[in-house]
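Line by line, the protein sequences are chains V and H. So that you can map any letter, position 103 of the first sequence is 103 in my numbering, and since no number is skipped, the others follow by simple counting. So that you can map any letter, position 316 of the second sequence is 316 in my numbering, and since no number is skipped, the others follow by simple counting.
Hints may contain errors.
[To be verified] Once the Cα atoms are required to be at most 30 Å apart in a straight line, the calculated DSSO-like pairs of lysine-lysine come out as:
| hint | chain 1 | residue 1 | chain 2 | residue 2 |
| --- | --- | --- | --- | --- |
| 1 | H | 60 | H | 317 |
| 2 | H | 456 | H | 469 |
| 3 | H | 317 | H | 335 |
| 4 | V | 289 | H | 60 |
| 5 | V | 228 | V | 288 |
| 6 | V | 288 | H | 60 |
[What the hints assert, rightly or not] Residues on chain V that point at chain H, a partial pick, calculated with CB under 7 Å:
| hint | residue |
| --- | --- |
| 7 | 14 |
| 8 | 15 |
| 9 | 17 |
| 10 | 23 |
| 11 | 120 |
| 12 | 216 |
| 13 | 228 |
| 14 | 241 |
| 15 | 252 |
| 16 | 282 |
| 17 | 337 |
Simulated from the structure, these hints should not be mistaken for laboratory data. All C-beta atoms in this analysis are idealised placements derived from N, C-alpha and C, irrespective of residue type, glycine included.
Now for the letters of each chain:
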Amino acid sequence: MTGVVVSSPHVPRVNRVDRVMLQVILALIPGTLVMTWYFGWGLLINMALAVTFAVAAEAAVMHLRGRPALSTVTDLSAVVTALLLAIAIPPTLPWWLTLVGVLFAIVVVKQLYGGLGYNPFNPAMAAYVFLLISWPVAMTTWLPPHMLTDHPLSLVESLQAIFLSTPPGGTWDAISAATPLGEMRNQLGENRMISEIRQSPLWGDFGGRGWEWVGNWFLVGGLYLVWKRIITWHIPVAFIAGMLFVAGTLWALDAQTHPFPAFHLFSGGAILGAFFIATDPVTACTTKKGQLIFGAAIGALVVVIRTWGGYPDAVAFAVLLMNIAAPTIDYYTQPRVYGHAGGSK
Amino acid sequence: MQAAEPRFKQRRLWQFHGGIHVPDEKALSNGAPVEPSPCPPVLVLPLQQHIGAPASPVVKVGDRVLKGQLIAEPRGYVCAPVHASSSGTVVAIEDRPIPHPSGLSAPCMVIETDGLEEWADLLEPLIDYESLDPGVLRERIRNCGVVGLGGAAFPTGVKLNPGSDHPIHTLVVNGAECEPYITCDDLLMRERSGDILEGIRIVLHLLGARQCLVGIEDNKPEAIEAMRLARAESDLKDRVEVVVIPTLYPSGGERQLIKVLTGREVPSHGIPAQIGIVCQNVGTLAAVADAVLRGWPLIERYVTVTGRGVARPANLKVRIGTPANELIAQCGGLKGDLAKLVCGGPMMGFEITDTRIPIAKAANCLLALTPAEAPDPGPALPCIRCGRCADACPANLLPQQIYWNARAKDLDRVQDYNLFDCIECGCCAQVCPSHIPLVQYYRYAKTESWAREQDKRKAEQAKARHDAKLERQERQERERQAKLRSKAVKDKPAAPAAATTETGAGTAPEVDPKQAAIEAARARAAAKKAALAEQGLAPKNTEDLAPAQQKQVAAAQARRQAAGLTEPAPTPTETAAPGPKAAAATEEQA
Ligand code: SF4
Ligand code: SF4
Chain V
1 MTGVVVSSPH VPRVNRVDRV MLQVILALIP GTLVMTWYFG WGLLINMALA
51 VTFAVAAEAA VMHLRGRPAL STVTDLSAVV TALLLAIAIP PTLPWWLTLV
101 GVLFAIVVVK QLYGGLGYNP FNPAMAAYVF LLISWPVAMT TWLPPHMLTD
151 HPLSLVESLQ AIFLSTPPGG TWDAISAATP LGEMRNQLGE NRMISEIRQS
201 PLWGDFGGRG WEWVGNWFLV GGLYLVWKRI ITWHIPVAFI AGMLFVAGTL
251 WALDAQTHPF PAFHLFSGGA ILGAFFIATD PVTACTTKKG QLIFGAAIGA
301 LVVVIRTWGG YPDAVAFAVL LMNIAAPTID YYTQPRVYGH AGGSK
Chain H
1 MQAAEPRFKQ RRLWQFHGGI HVPDEKALSN GAPVEPSPCP PVLVLPLQQH
51 IGAPASPVVK VGDRVLKGQL IAEPRGYVCA PVHASSSGTV VAIEDRPIPH
101 PSGLSAPCMV IETDGLEEWA DLLEPLIDYE SLDPGVLRER IRNCGVVGLG
151 GAAFPTGVKL NPGSDHPIHT LVVNGAECEP YITCDDLLMR ERSGDILEGI
201 RIVLHLLGAR QCLVGIEDNK PEAIEAMRLA RAESDLKDRV EVVVIPTLYP
251 SGGERQLIKV LTGREVPSHG IPAQIGIVCQ NVGTLAAVAD AVLRGWPLIE
301 RYVTVTGRGV ARPANLKVRI GTPANELIAQ CGGLKGDLAK LVCGGPMMGF
351 EITDTRIPIA KAANCLLALT PAEAPDPGPA LPCIRCGRCA DACPANLLPQ
401 QIYWNARAKD LDRVQDYNLF DCIECGCCAQ VCPSHIPLVQ YYRYAKTESW
451 AREQDKRKAE QAKARHDAKL ERQERQERER QAKLRSKAVK DKPAAPAAAT
501 TETGAGTAPE VDPKQAAIEA ARARAAAKKA ALAEQGLAPK NTEDLAPAQQ
551 KQVAAAQARR QAAGLTEPAP TPTETAAPGP KAAAATEEQA
């Protein structure tokens with residue numbers, strides 16, 4: 001007998017935080033591999049860097065707070081944050097910017113608010129926005145997918161780019177390219193028609209070439225999470241529906257200045273956002289009804305910001321905006337409790 | 001025979017929100033028939049084995065008592081008598097550890113048995129009960145000490161008296177037995193299905209109910225078969241239906257079962273009678289049949305002794321008051337590595353540390369769990385708001401929000417999130433990936449809310465007393481002034497002395513008829529309030545608490561009163577780490 005009286009239930013617990021996080025990490029693998037295939041080693045290097053920084057930062061903060069570092073680090077939540085940030089940033093981002101981003105995510109956004117479970121904002125997205133606003137050029141310097149360039153970066157070149165900030169071939173311009181979202185934005189800014197813009201070899205079936213496949217494989221990972229019941233369908237489905245609804249409405253109004261709705265879905269971070277980022281439980285809504293509102297609002301906001309905002313992609317901004325609203329939405333979408341008349345209060 | 005049986009039409013079933021699938025572990029103990037347990041040398045009979053007031057002893061230390069003899073009579077309406085479960089001598093009436101979540105001691109009657117099993121004169125069987133007034137039947141059920149045997153232990157006579165403003169159309173019979181491990185109701189249905197049907201017949205008559213639905217989870221095929229057979233053989237074929245329901249914890253919760261069978265929901269803070277339903281456990285119905293048809297008091301019950309920590313799991317027919325260790329010994333003793341002993345099921349039962357505690361009327365199971373069966377969940381991590389708890393909650397609450405506010409000690413907010421609709425089923429805690437002892441927090445918050453309510457009432461009473469005193473003093477002062485004035489007119493020099501005596505009289509207890517009447521009225525009101533509180537009717541919410549909670553709340557309150565505390569007491573049951581307070585403290589340190 002343990003001598004310690006523990007309250008009921010006296011049964012094994014079926015879930016554990018680290019196992020949940022591990023599943024999320026597993027689900028990121030397909031998208032990550034495909035992304036590496038199209039955009040080179042940079043992503044994997046960034047992931048390794050980000051995870052190392054994140055774990056070190058989390059352990060250091062826990063140590064300073066006088067709390068056990070091991071149990072916190074092994075919950076793997078910092079690793080997930082780091083991986084998501086690494087996926088969001090350009091594959092050739094200088095290492096110190098990754099460090100700054102990770103520190104911001106873990107120390108400022110997560111731990112200063114009290115650690116896991118207390119942070120109102122999604123740490124990865126907050127850090128992404130922080131970097132984007134502070135270093136806009138570096139944060140928008142993307143490589144083209146490998147089939148659109150005559151010089152895909154080798155491992156060594158990637159390392160050089162990240163650690164020494166030396167672009168292969170001398171200038172960044174030579175190897176970098178706008179992301180499809182950026183391209184679409186620039187072209188539309190020059191008053192081109194969608195039909196014209198889509199002539200470019202940059203485009204695949206729905207979105208940018210390469211990009212759409214990355215989206216597809218993150219989708220596979222996302223569906224895996226739904227299947228494993230790590231997340232429920234509510235936020236992703238609402239996200240996609242909200243996005244398609246707004247994009248579809250705009251497209252129906254004027255198909256020449258607004259891209260086809262599927263373009264939005266398979267460009268930038270939409271799929272990743274719908275399944276991996278907006279579903280971060282800590283910062284999302286927790287009621288089912290609330291999750292539908294939360295997801296749909298993010299999806300809609302992404303299109304709105306992409307269309308009228310100042311930055312090409314908008315998932316991070318939309319998620320952060322809705323993070324602010326989440327507690328309020330939760331409060332007003334409480335489920336009808338057994339034995340209570342009427343709906344939510 | 002099969003052909004003669006009418007086809008059972010598929011009844012529409014409803015679903016309650018959430019619920020969880022847990023390994024049912026019933027095969028451990030449901031393989032063999034119920035074994036009678038031998039009469040122990042000493043019986044320990046708690047005077048309060050039910051919700052409500054404790055019974056008061058009617059025999060003295062040294063008296064010889066017979067089997068079935070009344071040894072403690074009910075005090076108050078919500079109360080049940082206690083009978084001797086064997087013959088012997090009363091050797092003590094004293095506080096002993098009782099089966100209670102807090103490990104409390106409470107007054108018990110201790111009987112040294114003589115092994116003669118000599119019966120007392122039993123009440124006369126009421127075979128012709130259909131010609132009798134329901135009141136007479138209720139009286140009989142009450143006199144036989146029948147209480148809810150499903151774990152609630154609410155006096156059955158009271159439950160069967162919903163009052164004329166609540167006409168009852170349906171009797172719901174709870175044979176779900178949704179808690180893992182427990183199989184005593186399963187065995188009871190297999191072995192005593194006829195008696196259960198008799199009990200149903202009596203209760204249908206008593207309530208004037210039209211129909212009866214017997215809900216049994218589909219993991220008990222033998223019980224289902226037995227009950228269907230008994231039904232087919234009875235004259236109640238067109239009024240009773242045996243309904244097979246899917247196995248899903250906690251479908252045996254009264255509110256959940258009613259929802260599954262009828263689609264209706266018991267109003268929050270209400271009772272099933274408000275929607276025309278009364279729910280009884282199968283064991284209770286067999287006890288009702290014993291009481292009415294045989295005049296037997298409730299002195300025995302079926303108990304499951306199981307878990308991998310006991311050598312030979314079994315179902316036993318046990319005299320109420322038998323110490324737990326006797327039952328464990330009968331089942332071959334404890335073996336191997338024991339993590340804990342639990343009274344009740346693994347989901348809602350409570351850990352016991354003293355194996356001498358007696359089996360009370362409500363005790364349906366003794367569980368000896370190994371570390372593999374009940375592993376220590378380890379330290380709790382912060383809530384990640386994943387919502388799994390809300391998905392699992394059968395009351396459709398938001399457990400994470402209640403937890404959040406309970407930890408912040410925001411008692412108003414926890415009520416906002418309907419804390420008192422929580423049935424403490426433990427689903428939320430079982431699925432929580434952060435291993436937070438959620439139920440512990442809810443119990444704590446309930447106790448605190450209750451205590452606060454209590455303090456508020458006390459403060460109100462104190463204020464009323466204070467106001468009355470002020471008023472009295474003012475009146476006295478006025479009278480004194482008036483007297484002074486009149487005296488001053490009559491006899492100036494004598495005035496100061498008179499004033500002094502008057503003031504003196506003012507502080508001494510005075511006999512003012514009007515005042516006495518006010519005081520008496522106040523005392524009556526207080527008594528009424530206390531009675532209501534005892535019945536669990538005040539403050540709001542408490543009447544639909546699970547019995548365990550209610551007991552716990554009462555105990556906490558008692559302790560509080562005993563200690564003269566207004567300061568919030570620590571969690572009653574869970575002395576252990578991480579108690580909510582301790583946990584909150586550590587988490588807040590940072
Ligand atoms: S299951 Fe546990 S971690 Fe998840 S929301 Fe509920 S309390 Fe929080
Ligand atoms: S213990 Fe209470 S809050 Fe938790 S699942 Fe059961 S009813 Fe819901």
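Item to check | Violations among the numbered hints, reported as their numbers in ascending order | outcome: 4, 6, 10, 11, 12, 13, 14 and 15
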